[in-house]
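Peer 1: Make a model of the complete structure from these sequences and hints.
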Amino acid sequence: MTASQSARQAATSGKPKLAFRPLPVPQVDVRGFWGDRVDAVATRTAGILYDRCVEARMLEQIDPDRPSPGVVIPFHSPSPDEAASPGAEFTGSTVTTQMFWDSDWGKTIETAAYSLYRRRNDDLEKKIDAVIDIYGKLQQPDGYLSSWYQRIQPGLRWTNLRDCHELYCAGHLIEGAVAYYQATGKRKLLDIMCRYADHIAQTFGPEPGKRKGYCGHEEIELALVKLARVTGEKKYMDLAKYFIDQRGLEPHYFDEEARARGADPKAYHFKTYEYSQSHRPVREQDKVVGHAVRAMYLYSGMADIATEYGDDTLRVALDRLWDDLTTKNLYITGGIGPSSHNEGFTADYDLPNETAYAETCASVGLVFWASRMLGMGPNARYADMMERALYNGSISGLSLDGSLFFYENPLESRGKHNRWKWHRCPCCPPNIGRMVASIGSYFYGLSDDALAVHLYGNGTARFDIAGRQIELTQASNYPWDGAVSMTVEPEAPTEFTLHLRLPAWCRKAALKVNGEAVDLDAVTSDGYAAIRREWRKGDRVELDLEMAVDRLYANPQVRQDIGRVALARGPLIYCVEETDNAGQLHRIALPRTAQIEAHEQPNLLGGVVTLSAVAKKEAFENWEDGLYRPEPPAVEETKVTAVPYFAWDNRDPGEMLVWLRDL
13 MTASQSARQA
23 ATSGKPKLAF
33 RPLPVPQVDV
43 RGFWGDRVDA
53 VATRTAGILY
63 DRCVEARMLE
73 QIDPDRPSPG
83 VVIPFHSPSP
93 DEAASPGAEF
103 TGSTVTTQMF
113 WDSDWGKTIE
123 TAAYSLYRRR
133 NDDLEKKIDA
143 VIDIYGKLQQ
153 PDGYLSSWYQ
163 RIQPGLRWTN
173 LRDCHELYCA
183 GHLIEGAVAY
193 YQATGKRKLL
203 DIMCRYADHI
213 AQTFGPEPGK
223 RKGYCGHEEI
233 ELALVKLARV
243 TGEKKYMDLA
253 KYFIDQRGLE
263 PHYFDEEARA
273 RGADPKAYHF
283 KTYEYSQSHR
293 PVREQDKVVG
303 HAVRAMYLYS
313 GMADIATEYG
323 DDTLRVALDR
333 LWDDLTTKNL
343 YITGGIGPSS
353 HNEGFTADYD
363 LPNETAYAET
373 CASVGLVFWA
383 SRMLGMGPNA
393 RYADMMERAL
403 YNGSISGLSL
413 DGSLFFYENP
423 LESRGKHNRW
433 KWHRCPCCPP
443 NIGRMVASIG
453 SYFYGLSDDA
463 LAVHLYGNGT
473 ARFDIAGRQI
483 ELTQASNYPW
493 DGAVSMTVEP
503 EAPTEFTLHL
513 RLPAWCRKAA
523 LKVNGEAVDL
533 DAVTSDGYAA
543 IRREWRKGDR
553 VELDLEMAVD
563 RLYANPQVRQ
573 DIGRVALARG
583 PLIYCVEETD
593 NAGQLHRIAL
603 PRTAQIEAHE
613 QPNLLGGVVT
623 LSAVAKKEAF
633 ENWEDGLYRP
643 EPPAVEETKV
653 TAVPYFAWDN
663 RDPGEMLVWL
673 RDL
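Using the numbering used here, read the sequence shown as starting at 13 and increasing by one per residue.
No wet-lab data here; the hints were simulated from the structure.
Watch out, some of these pointers could steer you wrong.
[Said to hold, decoys possible] Listed below are the simulated DSBU-like cross-link pairs for lysine-lysine, each with C-alpha atoms no more than 30 Å apart in a straight line:
| no. | residue 1 | residue 2 |
| --- | --- | --- |
| 1 | LYS149 | LYS246 |
| 2 | LYS200 | LYS246 |
| 3 | LYS224 | LYS283 |
| 4 | LYS238 | LYS138 |
| 5 | LYS283 | LYS222 |
Peer 2: Okay, here's the thing in structure tokens:
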């Protein structure tokens, strides 16, 4: 057993036997579809993130040897509308400072860490090492570390957890520290953040004299779980549990905190504590509300704690919230949060397409949540959603070459919504960067005597069971083809269970082990086929997942999608773009009798499968004058071509549409 494995075991003594944990990024090599995306992040995105942080003058905020930046932005600025507008893109013309910039550095470090594991880059590593050195100089003797409260608003630390992101920033720096240690073996940032976490544990908790607070923007919870697993220090796990348990209790901490700083608790920019999911204790919550990213981070932390402590009370609440999200408040792409006003949820079934906010960070957060729900055991309801969000609503936030970004991910565009180089609120670029760079950790879950395969594609995983090293290699052209071949290579014969996900989108599946067919009905539970056997070198598993094209329809209560249809193939949602279909996509209608064909296009958008059909289109013929007339327009046939949603806006700018009119 390695030192890191021993540490994880020590940190989670008493954990449920069937708990599953993701494999660390260095133990999974990805190739094929995801390998191309990791390479784009490693070769371009990681360096771009660092350069644009520097261009935004973030170094000036964290470096104690430089003059403090000059322009302070109020705590609630940029507003959601401001932050999302193209005009808010960073231009370098104004020196501003943001309270959450430590979090952007944390995510940038995390992206760089996994990129350095993927591809050696001495220059980038040297730059990140220098940033870490700056944080080392900035840290105060008691362990406290916040560039905002040390450089911009000194003397006010721990006075406004509701608004000012202190613990949120700490969480992202912790995650960056864990990643950098795992990828490079360097401990400096990890030691810095352990000292800060120790300070936080001395400041917050149930003991007399400690603050009873928690962060307005959740993140610290799931970061502390990572820190506990890598260090073996259970105190960090207990602190994460405390923040979960304390949230929303009365008397409300945010009210007391506001009064302590001489403010009226009702003078709250967002008016309701639903915004930060602190309106009720977490175990009493049953609806997804408020800021979507905050919600996803909270539920991720809750799932981690439910797994680590075997807490069924949290599991029950999480399942209620999961059902509410997936049956009433989820875009077909895995995007969440329709409103720019609160960057989050509005009312059930309110899913506008053209104005969809669907922040990249929120879909990334859904991936985090789904992945952590799988810690409680293989269940396809979570893995299917993780896959949907991964392949659609999240990676649409990054251009194919890794250089441009979406903040919002609408399902309809008139041609003016395009990716940008940077953003005044730059949370999404490093968030999608770190998720893609660490994608291998989402593929598998490992327990004491089982491996769950959640995602399929080319790659190799290395893990140990019963003290024996095992290698599992997948060969597949997934997501374009559903044929998956796996080879199992244990160093010695080892008995364990291999759980294989059978996606809900698959109508017909077949499984063979060493050429012998397996009765899927007899071995499938919760959407996973469980094969228990003594595995030997060279054992071969063949899984064939039929990839049919599906027409998908929305619940009739989604008023925006009445009379419309969307197309899917395998895990991918499709859209039509102007560049393939001329303009005015709203005129296209897809007959229910139309035959939809799939075509391999190796030279298009990095290699994709497109869908095509003969559709109907309302014509302009004999409509020379006026807006209205008694006769309907003529209808003509037109060929329609659809491409995967994640790949839209990578060619000429133009219209885009996910939901076509149904005919």
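Peer 1: Each of the hints needs a verdict: does it hold here or not?
Peer 2: Results for each hint:
Under the criterion of a C-alpha separation no larger than 30 Å, the hint pairing LYS149 with LYS246 is consistent with the structure, at around 27 Å. With a C-alpha separation of about 21 Å, the suggested pair LYS200 and LYS246 falls inside the 30 Å cut-off, and the hint holds. A threshold of 30 Å between alpha carbons decides the hint, and for LYS224 with LYS283 the separation of about 22 Å falls inside it, so the pair holds. For the suggested pair LYS238 and LYS138, the alpha carbons sit about 25 Å apart, so the restraint of at most 30 Å is met.
Restraint check for LYS283 and LYS222: the C-alpha separation of about 27 Å stays at or below 30 Å, so the hint holds.
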